[in-house]
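Chains as they are written, first to last, in the numbering used here: chain A, 1 to 452; chain B, 1 to 554.
Some clues are possibly wrong.
Said to hold, decoys possible - In silico PhoX-like pairs for lysine-lysine, Cα to Cα no more than 20 Å straight-line: (1) Lys318/B to Lys353/A; (2) Lys236/A to Lys173/B; (3) Lys225/A to Lys406/A.
Stated by the list, open to error - Short, incomplete list of chain A residues facing chain B, as computed with Cβ under 8 Å: (4) Gln119; (5) Gln209; (6) Ser233; (7) Tyr237; (8) Phe238; (9) Val350.
For the record, the hints were derived by calculation from the structure and aren't laboratory data. Model, not experiment: these values are computed from the prediction. Glycine is no exception: its CB is placed at the ideal position from the N, C-alpha and C atoms.
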Amino acid sequence: MSSLIRIQTVSILLILVALFVPVWWSTTQVHRAVLPTDQIRALAAAEAKNVFHTRVAVRFVSGKGQPKAVAESLQTHLNNLFGGASFHFAVRADASTEETQSTSGLYQLRIDCGVKNIQGEGSVKLFEDRVVSLQTPVECADTESIVAQAVAVVGGLFLDERADFARISGSSSHNNDDIRKVKFAPEYQLIFNLMNADPVNLLVSWDIQAAIKDYFQNFVDAVEKLYDFKIKSQTKYFTSLPIDPEVINAGKDGEMVYCLRPHHLPHFINSAEWSFGGSVVSTAPPLNFVVYVPPHAQSPLYIMGHDHGFLKTNSFLIPQWGGISIVNPPKMAPAVAIHENGTTLAIRNVPPKWTLSSSDLSDPMHIFIYQMREILGVKTVGLGSTEQLLPGFQFNYESSSVGITKWELDRLARLTTIQNIRNAVNTLNSLITLIESMEDMILGSTEHLLSS
Amino acid sequence: MRRLVAIIIAAWVSISASAAQSTQHETLHLHQRPSGRVTAHFAFAQSVAQSQAHALDDIARGFGIDEMALSFTQGTRCDSIATKVGCRPPGVVLWAWMRNNHSLSSVDTRWSALTNALAGTFCASLNFITPENSAEPQSSFTHSSVNSSLSSLRYASLPREITCTENLTPWSKLLPCSTKVNHLAHIKDRKMKPYCILGSKAGIASLFNAYAIYDADYHSMSVEVSRKCTSDTECTTEIRQDLVVALDPVRKGYQRNMDWSLQFLFGKEVAGSCPLNEIETNILVTLPKAEGFEFEGKVKPVYNDEKNAWVYSLELAKQFSMGVKYSDSKPDLSEKSKSTELIQIHRHLTGYGRERGGIKIRISNRDTKPRTVTLLEVLPWFIKLYMHTLQRTTYHITSQEVLSLSGEVVNQTLKYQPAIPRIRPSVIELTATLPGESITVFTFQFDRAFIKYTEHPPDANRGFDTGAAILTVHPASRTEKEYRLFSDVLLIALPTPDFSMPYNVITMSCTIVALYFGTVFNLIVKKLEGLDDSQLKKKWWMFWVKERSVLGKK
Numbered sequence: 001m002s003s004l005i006r007i008q009t010v011s012i013l014l015i016l017v018a019l020f021v022p023v024w025w026s027t028t029q030v031h032r033a034v035l036p037t038d039q040i041r042a043l044a045a046a047e048a049k050n051v052f053h054t055r056v057a058v059r060f061v062s063g064k065g066q067p068k069a070v071a072e073s074l075q076t077h078l079n080n081l082f083g084g085a086s087f088h089f090a091v092r093a094d095a096s097t098e099e100t101q102s103t104s105g106l107y108q109l110r111i112d113c114g115v116k117n118i119q120g121e122g123s124v125k126l127f128e129d130r131v132v133s134l135q136t137p138v139e140c141a142d143t144e145s146i147v148a149q150a151v152a153v154v155g156g157l158f159l160d161e162r163a164d165f166a167r168i169s170g171s172s173s174h175n176n177d178d179i180r181k182v183k184f185a186p187e188y189q190l191i192f193n194l195m196n197a198d199p200v201n202l203l204v205s206w207d208i209q210a211a212i213k214d215y216f217q218n219f220v221d222a223v224e225k226l227y228d229f230k231i232k233s234q235t236k237y238f239t240s241l242p243i244d245p246e247v248i249n250a251g252k253d254g255e256m257v258y259c260l261r262p263h264h265l266p267h268f269i270n271s272a273e274w275s276f277g278g279s280v281v282s283t284a285p286p287l288n289f290v291v292y293v294p295p296h297a298q299s300p301l302y303i304m305g306h307d308h309g310f311l312k313t314n315s316f317l318i319p320q321w322g323g324i325s326i327v328n329p330p331k332m333a334p335a336v337a338i339h340e341n342g343t344t345l346a347i348r349n350v351p352p353k354w355t356l357s358s359s360d361l362s363d364p365m366h367i368f369i370y371q372m373r374e375i376l377g378v379k380t381v382g383l384g385s386t387e388q389l390l391p392g393f394q395f396n397y398e399s400s401s402v403g404i405t406k407w408e409l410d411r412l413a414r415l416t417t418i419q420n421i422r423n424a425v426n427t428l429n430s431l432i433t434l435i436e437s438m439e440d441m442i443l444g445s446t447e448h449l450l451s452s
Numbered sequence: 001m002r003r004l005v006a007i008i009i010a011a012w013v014s015i016s017a018s019a020a021q022s023t024q025h026e027t028l029h030l031h032q033r034p035s036g037r038v039t040a041h042f043a044f045a046q047s048v049a050q051s052q053a054h055a056l057d058d059i060a061r062g063f064g065i066d067e068m069a070l071s072f073t074q075g076t077r078c079d080s081i082a083t084k085v086g087c088r089p090p091g092v093v094l095w096a097w098m099r100n101n102h103s104l105s106s107v108d109t110r111w112s113a114l115t116n117a118l119a120g121t122f123c124a125s126l127n128f129i130t131p132e133n134s135a136e137p138q139s140s141f142t143h144s145s146v147n148s149s150l151s152s153l154r155y156a157s158l159p160r161e162i163t164c165t166e167n168l169t170p171w172s173k174l175l176p177c178s179t180k181v182n183h184l185a186h187i188k189d190r191k192m193k194p195y196c197i198l199g200s201k202a203g204i205a206s207l208f209n210a211y212a213i214y215d216a217d218y219h220s221m222s223v224e225v226s227r228k229c230t231s232d233t234e235c236t237t238e239i240r241q242d243l244v245v246a247l248d249p250v251r252k253g254y255q256r257n258m259d260w261s262l263q264f265l266f267g268k269e270v271a272g273s274c275p276l277n278e279i280e281t282n283i284l285v286t287l288p289k290a291e292g293f294e295f296e297g298k299v300k301p302v303y304n305d306e307k308n309a310w311v312y313s314l315e316l317a318k319q320f321s322m323g324v325k326y327s328d329s330k331p332d333l334s335e336k337s338k339s340t341e342l343i344q345i346h347r348h349l350t351g352y353g354r355e356r357g358g359i360k361i362r363i364s365n366r367d368t369k370p371r372t373v374t375l376l377e378v379l380p381w382f383i384k385l386y387m388h389t390l391q392r393t394t395y396h397i398t399s400q401e402v403l404s405l406s407g408e409v410v411n412q413t414l415k416y417q418p419a420i421p422r423i424r425p426s427v428i429e430l431t432a433t434l435p436g437e438s439i440t441v442f443t444f445q446f447d448r449a450f451i452k453y454t455e456h457p458p459d460a461n462r463g464f465d466t467g468a469a470i471l472t473v474h475p476a477s478r479t480e481k482e483y484r485l486f487s488d489v490l491l492i493a494l495p496t497p498d499f500s501m502p503y504n505v506i507t508m509s510c511t512i513v514a515l516y517f518g519t520v521f522n523l524i525v526k527k528l529e530g531l532d533d534s535q536l537k538k539k540w541w542m543f544w545v546k547e548r549s550v551l552g553k554k
């Protein structure tokens, strides 16, 4: 072959390669939409700057004193104390006769100056609906010491929360409280289950609707703006335990008492036979509360604590799932039912019936409310740090009639917000990391998502 | 039946349950025919109150269902006299009345969500019900309690769906008295805990034995759900579950006779009555002979004239078993076993080959007076109907002479929805009056479509099953109720392509390309040089080289 022909052949081949390789490259490229990666990465840094704007209204009960000066000074001191992290306070002064409504994020501090209690010191009382009252022996004109005490009170209420936020936003270590809490969802299915282990010898029924209305409905209404609850009930029969309780000869007359030790409790729920699935139609996560009535052969059934004493409440909580309360049945005689069968009377055996009325259910219901608080992650709002700063003061807390105070509700809302932000940022970041690691994956068009 | 039950409850002296409880009731009916076959019909009825959690109640409420019926059937040898719920065709049949303005989704969206939810609840592949095989019948399911202006009806059937224990287990979990058996008496001795695959601790459901039920000639498991609302917020859901099993003691035993007992048929005893039942649980036994038999077992039944059956009542916490022994226990396999229903329907395919065919539907009316019936046919889209070939012929039932129709009998209404390929099936609803003592034959022709290569099922030459035709018999007078008959299921073989062709094409083209490429590549790349004769030394096997004189040498 002459070299001219060779040169021609090779050059034509090279020209073809140079023309068609870019065409092949561009047509076989994986379609990847553009993602706002930088913005997402910047979210994590911006998280630390999340600040709750909290308002405090200061009021002097007796009308003496200088509320405006106290308010300004209190605001300066509080913002110095928190240093702009997590909380920013805006303090205003209210006239003594004005009644302020309790709204979320607005807290009232009532100062009663010049009052001494028996020991000669002051007292602090935490009311249910976002009011804290400070009764101090200091004179009303002494603005500085009043402000110092007020800072101790108001700051102490929010310091725990700041520590919580720092823990959540920081490392990913979990303590027991985090594991106990169920993942946040705007809607939950609450299912109240009555487990009747031996209906042949005792048929149990309950007036659950009245019990929910009497005890639980107020709690549900109180947390209404955070969660929606769909409440249902069901009764399951022939539910026997997969474990055998221990028999102890305790009590008078050496009667047999059955007990469950702590290591039995994880196996209490017979998940193969007892179906706690929740609804097939809805995607809301289910929370189950169980009232278990043991059979006569295994009653009375108690739960033993770690200290070898029987638990007073006879209940336990399963983290992220729900709670169980054991109610022991009374001994009842077999019953008969008589009915007319034409002209004769026919007698047949029926199981004796035991109905749990609303008042019988009051103990389990109160336990369920407490367990509900644990599962939702409600933390008590206390004045622990204040107690150290104001020695000698008396501290009183008003408890709530519905199961959750407004302070706790606000704290729960803030905690949930921070946690959801953290989860969202984590999820987005890990998604971006995943996408960047898989370079061959097709990313569809995101236009309709970015515009929303 | 419900009123009788209510009267019995009212006459009781016992503690009554509160209004918000759910109630339940169950009955077992064992009916033996002269041929020896025993049909066992387990009937369970429950009513679920407003706030109670029950899977079917959730489904009914979530999708706005007024009424729903779902049945899983296997076998065609159903005895229509022995089964009170009627014989169902093989496979799955589902129909539902759904409210038109429930939530924001349309009826079609909710229909597909319903089939998927039921598929999950019963572990069955009901998700194969798509708009491609769903129909909206207009005049077949005219139920009196559902307002058809407020609700829409959807119907679908899957004739090829198989039922097994996997479906029976979640079905029996919906019964309140049903959990796995776990005898409390042996609680101290853990090793002795007996274990059953499914079943319940008490009630007639404790007889469930998967080996016996799925060995039967015919078994059908059905669920019917209906919601009754007294006001907008107060609604109760009534659930009826029926299991019909046709067992054959003649086939099962070595003696080949008609004697049977519950232990023989099911392998178990009834573990007492379910404590949740307010009314006593009865076991009814209907026998083909009026005498010449005796009952085995500790308890003897009482004959009830009204129901024409012997009645046992179950006691609480007492094991129950019974049996029947005949003095002459040879089965009677004569004509008496055959069905003597007044109206019967048979359907079969006509024609030959894979290109076209015909369907012939024969409806016989043994009654002396004329009856109005509606025939519903839902045929898949690949059966291309020619409606102009629809013909009706009417014969007299015994003399076979052709009757000419006159008077009111001539009135016929035909509602036809033509199929759109791969989108919807063809639906025919034919309302006609059958003259007394006649056989009416409907025939029509169709072409078989050539469907896409990927649409064929795994065993393509078996063909496709077509759902049963439903014959709705309208009541002749006020006291009667309308009832439904299901016809046979047809197996239609479509023309199949040669499934090995893609392989053949690939193989041949690759071979050709390889041969071509190899040859052309060799020609282009290799430089052919002739060999100098002087360099070639002819070996003994090189027969193609001519002997040449090399430098004059030979």
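Given Ser233/A as an interface hint, is its Cβ closer than 8 Å to any Cβ of chain B?
holds, 6 Å
Is the shortest C-beta separation between Tyr237/A and chain B less than 8 Å?
This interface hint holds because 6 Å falls under the 8 Å limit.
Restraint status (C-alpha distance of Lys225/A to Lys406/A at most 20 Å)
With Cα atoms ~12 Å apart, Lys225/A and Lys406/A stay inside 20 Å; holds.
Does the structure keep Lys236/A and Lys173/B at a Cα separation of 20 Å or less?
holds, 11 Å
Would the stated hint for Gln119/A survive a check requiring a Cβ distance to chain B of less than 8 Å?
With Cβ-Cβ at 53 Å, over 8 Å, it is violated.
Hint check, Phe238/A versus chain B [nearest Cβ-Cβ separation less than 8 Å]:
OK, holds: Phe238/A within 8 Å of chain B, min 4 Å.
Report holds or violated for the interface hint on Gln209/A, using the least CB-CB distance to chain B and a cut-off of 8 Å.
Status holds, d = 6 Å.
Hint check: is the beta carbon of Val350/A less than 8 Å from a beta carbon of chain B?
Since chain B brings a Cβ to about 7 Å from Val350/A, closer than 8 Å, the hint holds.
20 Å limit on alpha-carbon distance, applied to hinted pair Lys318/B and Lys353/A
holds, 19 Å
The structure shown violates just one earlier hint, number 4.
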